[in-house]
Each structure stands twice: as C-alpha cells, then as structure tokens.
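Colleague: Since the structure of chain W is provided, determine the placement of chain H on it from the hints.
From first to last, the protein sequence lines stand for chains W and H. Add 468 to a position in the first sequence, counting from 1, and you land on the number used in the working numbering. Add 48 to a position in the second sequence, counting from 1, and you land on the number used in the working numbering.
Simulated from the structure, these hints should not be mistaken for lab results. Treat the hints with care, as some may be off.
Quick list of in silico lysine to any residue cross-link-like pairs, SDA-like style, CA-CA up to 20 Å [what the hints assert, rightly or not]: (1) H:Lys217 x H:Ser82; (2) W:Lys502 x H:Leu189; (3) W:Lys502 x H:Arg460; (4) W:Lys502 x W:Pro519; (5) W:Lys502 x H:Ser435; (6) H:Lys165 x H:Asn83; (7) W:Lys502 x H:Val453; (8) W:Lys502 x H:Lys397; (9) W:Lys502 x H:Glu436; (10) W:Lys502 x H:Ser82; (11) W:Lys502 x H:Pro228; (12) W:Lys502 x H:Leu438; (13) W:Lys502 x H:Arg461; (14) W:Lys502 x H:Gly363; (15) W:Lys502 x H:Lys217; (16) W:Lys502 x H:Ala416; (17) W:Lys502 x H:Gly462; (18) H:Lys397 x H:Gly363; (19) H:Lys217 x H:Glu230; (20) H:Lys433 x H:Gln459; (21) W:Lys502 x H:Asp450; (22) W:Lys502 x H:Gln459; (23) H:Lys165 x H:Tyr310; (24) W:Lys543 x W:Pro519; (25) W:Lys502 x H:Arg455; (26) H:Lys320 x H:Ile364; (27) H:Lys165 x H:Leu189; (28) W:Lys502 x H:Asp439; (29) W:Lys502 x H:Asp413; (30) W:Lys502 x H:Glu449; (31) H:Lys320 x H:Tyr310; (32) W:Lys502 x H:Ile414; (33) W:Lys502 x H:Ser415; (34) H:Lys217 x H:Tyr245.
Fair warning: this is a prediction, and the values are worked out from it, not measured in the lab.
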Amino acid sequence: MQFALLIFEPPEAFAARNADENDPYLGAWRAYHKALVEADIFVGGSPLQPPETGTTVRLKDGKRRVQDGPFADTKEQLGGFTILELPSLDAALEWAARCPAASIGAVEVRPVSPEYLRRVTG
Amino acid sequence: MSGSEQESTYRTTHGTIERVARESYGRLVAYLSSNTHDVGSAEDALSNALVAALETWPRDGVPQNPEAWLLTTARRSFIDLARHRQVAEASEPTLALLREESKDMTFSPQFPDERLKLLFVCAHPAIDPAMHTPLMLQTVLGLDAARIAHAFLISPTTMGQRLVRAKTKIRDGGIRFEIPQERALPQRLGAVLEAIYAAFGIGWDDMAGVDQSGRDLAEEAIWLARVLLQLMPQEAEVQGLLALMLHCEARRAARRGPDGRYMPLSEQDCQKWSLPLIEEAERHLREASSRSRTGRFQLEAAIQSVHAERARSGGIQWNAVMMFYDQLIRISPTLGTRTGYAAAVAEAKGAEAGLATLNAIDSDDISAYQPYWAVRAHLLQQLGKTSEALDAFDRAIGLTEDPAVRRFLLQRRG
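Here chain W stands alone, though its shape is the one from the complex (with noise of 0.2 Å):
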C-alpha cells in the first residue's frame, strides 16, 4: 500500500535550500532519497518553494478570496512530500524516523485513499 510522508521543516530548514553543495541537510537528504530509491520504495514525491511563496484560494459568499502565503501560520510548514510503497504503516514509521526532516521538525505519515481516488475518478 501507499503512504504519504508530509515534512513539515522549520524555516531554518527553509534558509538551508540556497547553501552550498556541502550542506549537511542537503547531504542527509541525497543520501536518504538514494535509500528509498535503492530499496526500491519510493513512487513519487517532491520539495515545495517555501511557504511565503504559497498563495491561499478561498471562495466565500461566491467571492473569491486570496491570501499571500500559506494556509497554515505555524512555526513549522509543509516542505514537501514522499509516496512510498510500503507492506505496513509500521514500515512507513520507520521510514519516517530516517527522514532527515525527522529531527528537526516533523513527519506525518498518512496512508492515500486508493478507495476515494476511485469514487472521485469513476
């Protein structure tokens, strides 16, 4: 089955995307994408521009309403995502813990919903 690693990363973890070649989380993070690549989990997944670069839609009372930045004002902001395939949540967890977002900010593992994606697709 398939699971969704939501990485939630503080803004330090932001700040790290313009440093240099040798950056120790872009290191960590090279190295933990060829692990999920090599064990032959990973389906798909990327990185998000930082939050500020986000722009909210509502629609209230038929108007349109926009917003300049994310959704959420929290510390922490989602940074991107990973699909696995994966026998068992108790697998993802694990591979969450790997995650190099994992120490600094937070992971949320979430199964996908193959069965809504039929209804919603027909």
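Modeller: Structure of chain H alone, referenced to chain W:
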C-alpha cells in the same frame, strides 16, 4: 498539621507508593493472574488498588505491609471485575477459587513470586514475537502503552490495541502459567532473553544523549535481567545477557563527545567508562563461563569484554573479537552478527579481507540494514575505492535515524 507539613507527608507517601509500585508491580500482576490467566483484569485491579492507596495512605498513614495491603485491595477489585464479567461468561469456578484464595490471603502477607511464569507467558511461542517485549514491559514493569509505543515507533492507540489483543490470547488461548519442561526450556528461555535484550536495544538506540525515556528503557531491561537471574541463578545465558548489557551500560557517558558528537566504540575515551559496571559485568561473565554452557549472549558479552580490556591494555585484541564472532555466527547467523564479523576480520586481517567477508553476505535484507552500509563505506574508503565508498556512505546515511550518527557519517564521507 500545618499546610507545609501536610504537603511533605503527602510527598513522602507519594514516594512510598511509587517505590512499592515499582518493586511490587510485576509480583502482584503475576500472582493475581497466575490462576485466572487474566492479565488485563489483574492490571486493572492493581491500578484500582494504587488509586485507593493514593487516596487513603496520605490520610491514614502507610500500612505496615504496603505490598500485602495492595494485594488485598487489588484482589477485592479483581473479584468485582470478574463478577462483572461473570454475568456474561458464567465462570463460577473461577469466582469460587478467588473467594477461597482471598480468605487465605488475609492471614498470610507472604505470597509466591510468579514473575518467572509471567515472563514465560509473555514470550510464549503462541504470541506474536513482536509483542513479547511490549507485553513484558507492561505486565512485569507496569510501563504504560503510550511510553512503550514511543519506544517501538508505533502509534499509542495501535500499541494499546495490540497489547489488549495479546492479553486476550493469554486469557482465552489456553497458555499455561508454568515454567517450561527441561526439554523445551532452552528455546523458551531464549525467547525471554531475546525480549529483554530487545528492550535494552531500543533504549540504547533511542538514547541519543537526551531522550530520558530511552535511558530508562535500557535501565528497565537491566532490572528485568536481574530479576530473571534472581529467579534462575543457574542459567549461564541469563548471566551472559546481564554481563552484555552491563558492559554496554558502562560506556553510556562515553558514547557522545562534549559537543554531542557520536563516538564510535574504538574511539571512545575509556576514562569515561564506568569501572564498577565493567567489573560487575566481568564477574557475571566469569561465573557464566564456569558453567561450560556457551551461548549467544555469553559470546556477545565476551566480545564486549575484549573491547573493555582497552581501558587496561590500551589496545584491542581483534583476533579474539574475530574468534568470538566466528563462534557466534554458528549459533546465530544474523545480519548483525555477520556484519560484526566482517568488521572484526577487517581490523584483524586488513580491509581487503573484511570487504571479501562482507561481500559473502547474500541477503535481501541488506538494502535497509544501516550497519552493513556503514562498515562497507568505511572499508571501501580505506581501500581508496572512492566512488563506491561515496555510494555506500549515502546508503548508510540515508538509513540513519540518529542525527548524531548522521552527522558523523556525513563528515567521514567528506
């Protein structure tokens, strides 16, 4: 009594309850469940008794025999709980038995120690091996499901459900509270030892220098091994396991540098090792060896003993380490043992020989086994195979959970 006096009496009483609970928890649960097989109700009954103690002891004073008081109170609660269930299940014989025993109890504060049987029940082959350690931690030591869940990297709700399921199996599955027969004993005892060592390993991995709950779990495992040794003083492997854990525990203060940096064993400052713990470990190992029944845990303890020698001699006898690993592989050819053997071969005979030993490991499991890749990276780097080494370093780093180890490997990778 003034307010502050009252406060201090309360604190002392509270401390007494905690101490009695810690020392007696497993004994009380084991005794309450040994006839009924109902571990869950025994725990509920004991927790009711502890609540009652918190209410009455600060007011009426701590009873002369706190353990007997808890047992009597827990028993009463147990009978109530059983009576409640009995409406549905009609287990009158159990109730009669309970009433009968309850009468005995009022006269004798002494009761048999059934913890050994409970340990064997927790590690019974009919119970999912993944639940052996959590069950022990909860039933014998009284750890709550949430704390166990953190250590096992499982959500607290899931851990709670799995524990309940395991206890239902104990109650309804005909698992007997007994010491296994001679013939079955080695294997059954092996499962108990494995479960205790797993608790220690989790505490160790989790420690990371700051995690208080991790620290405690390693201590709890040592406590369990001491209880087991007290109950089975003749078993060499029990003593071997205790020796192994004490050797590792002795190095706690040396596992991190002053800046929180990860320190590999061979680079640790042995001034920081605890000599009393090492001496205790050595004493247990000697006694175990004198029984001439070698086993996995004695061999692992012997390997740690060779490392501990560095504090006296300044060097490591890698040939001895290699030899012990060689014997260990015959008993327990796990991925961990084989990786450890390859590392020892590399130290004793050179990186080339070590890498050849590593290459001989043919297993699907290596793709997610961090130590294999860490050793491989190290050896490839020594042999100047730079690009292969970088690749292996990445695999090791990507599989690392501990940020300090990750930093260490990233630095080594360069």
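Colleague: Each hint: holds or not?
Modeller: How the hints compare with the structure:
Under the criterion of a C-alpha separation no larger than 20 Å, the hint pairing Lys217 (chain H) with Ser82 (chain H) is consistent with the structure, at around 15 Å. For the proposed pair Lys502 (chain W) and Leu189 (chain H), the alpha carbon gap of about 41 Å is over 20 Å, so the pair is violated. Between Lys502 (chain W) and Arg460 (chain H) the CA atoms are separated by roughly 18 Å; this keeps the pair inside 20 Å, and the hint holds. Straight-line distance between C-alpha atoms of Lys502 (chain W) and Pro519 (chain W) comes to about 26 Å, which puts the hinted pair past the 20 Å bound.
Distance hint between Lys502 (chain W) and Ser435 (chain H) is fulfilled; the C-alpha atoms sit about 14 Å from each other, no more than 20 Å. Between Lys165 (chain H) and Asn83 (chain H), the direct Cα distance comes to roughly 11 Å. Compliance with the 20 Å bound is thereby established for this hinted pair. In summary, the hint linking Lys502 (chain W) to Val453 (chain H) is supported, as the alpha carbons are separated by about 18 Å, within the 20 Å threshold. Of the pairs offered as hints, the one joining Lys502 (chain W) and Lys397 (chain H) is violated, with about 31 Å between alpha carbons and a cut-off of 20 Å exceeded.
About 14 Å separates the Cα atoms of Lys502 (chain W) and Glu436 (chain H), which keeps this hinted pair within 20 Å; it holds. Only pairs whose Cα atoms come within 20 Å are accepted, and Lys502 (chain W) paired with Ser82 (chain H) is rejected, the gap being roughly 51 Å. Simply put, Lys502 (chain W) and Pro228 (chain H) have alpha-carbon atoms about 47 Å apart, too far for the 20 Å limit, and the pair is violated. For the suggested pair Lys502 (chain W) and Leu438 (chain H), the alpha carbons sit about 12 Å apart, so the restraint of at most 20 Å is met.
The hinted pair formed by Lys502 (chain W) and Arg461 (chain H) meets the criterion: a straight-line CA distance of about 15 Å does not exceed 20 Å. As the CA atoms of Lys502 (chain W) and Gly363 (chain H) are separated by approximately 37 Å, the hinted pair breaks the 20 Å bound. With a CA separation close to 42 Å, the supplied pair Lys502 (chain W) and Lys217 (chain H) exceeds the 20 Å bound. A distance of roughly 11 Å separates the Cα atoms of Lys502 (chain W) and Ala416 (chain H); the hinted pair therefore holds under the 20 Å criterion.
Distance check on the hinted pair: Lys502 (chain W) and Gly462 (chain H) sit about 17 Å apart at the alpha-carbon level, within 20 Å; holds. Note on Lys397 (chain H) and Gly363 (chain H): the hinted pairing holds, with a Cα-Cα distance of about 16 Å set against a maximum of 20 Å. For the hint pairing Lys217 (chain H) with Glu230 (chain H), the CA-to-CA distance comes to about 25 Å; that exceeds 20 Å, so the pair is violated. Proximity of Lys433 (chain H) to Gln459 (chain H) is assessed by CA-CA distance (about 17 Å); at most 20 Å being required, the pair is judged to hold.
Only pairs whose Cα atoms come within 20 Å are accepted, and Lys502 (chain W) paired with Asp450 (chain H) is accepted, the gap being roughly 18 Å. Annotation: proposed proximity of Lys502 (chain W) to Gln459 (chain H) holds, straight-line Cα distance about 18 Å (limit 20 Å). At most 20 Å may separate the alpha-carbon atoms for a hinted pair to count; Lys165 (chain H) and Tyr310 (chain H) exceed this at roughly 40 Å. For the hint pairing Lys543 (chain W) with Pro519 (chain W), the CA-to-CA distance comes to about 10 Å; that is within 20 Å, so the pair holds.
Note on Lys502 (chain W) and Arg455 (chain H): the hinted pairing holds, with a Cα-Cα distance of about 17 Å set against a maximum of 20 Å. A C-alpha spacing of about 17 Å is found between Lys320 (chain H) and Ile364 (chain H), which places the hinted pair at or below 20 Å, so the restraint holds. For the given pair, Lys165 (chain H) sits about 14 Å from Leu189 (chain H) by alpha-carbon distance, which is consistent with the 20 Å threshold. Straight-line distance between C-alpha atoms of Lys502 (chain W) and Asp439 (chain H) comes to about 9 Å, which keeps the hinted pair within the 20 Å bound.
Between Lys502 (chain W) and Asp413 (chain H) the alpha-carbon distance is near 16 Å, which keeps this suggested pair within the 20 Å criterion. For a cut-off of 20 Å, the pair hint linking Lys502 (chain W) to Glu449 (chain H) stands: about 15 Å separates their Cα positions. For the suggested pair Lys320 (chain H) and Tyr310 (chain H), the alpha carbons sit about 14 Å apart, so the restraint of at most 20 Å is met. For the hint linking Lys502 (chain W) to Ile414 (chain H), the alpha-carbon distance of about 14 Å falls within 20 Å, and the restraint holds.
Straight-line distance between C-alpha atoms of Lys502 (chain W) and Ser415 (chain H) comes to about 11 Å, which keeps the hinted pair within the 20 Å bound. Simply put, Lys217 (chain H) and Tyr245 (chain H) have alpha-carbon atoms about 24 Å apart, too far for the 20 Å limit, and the pair is violated.
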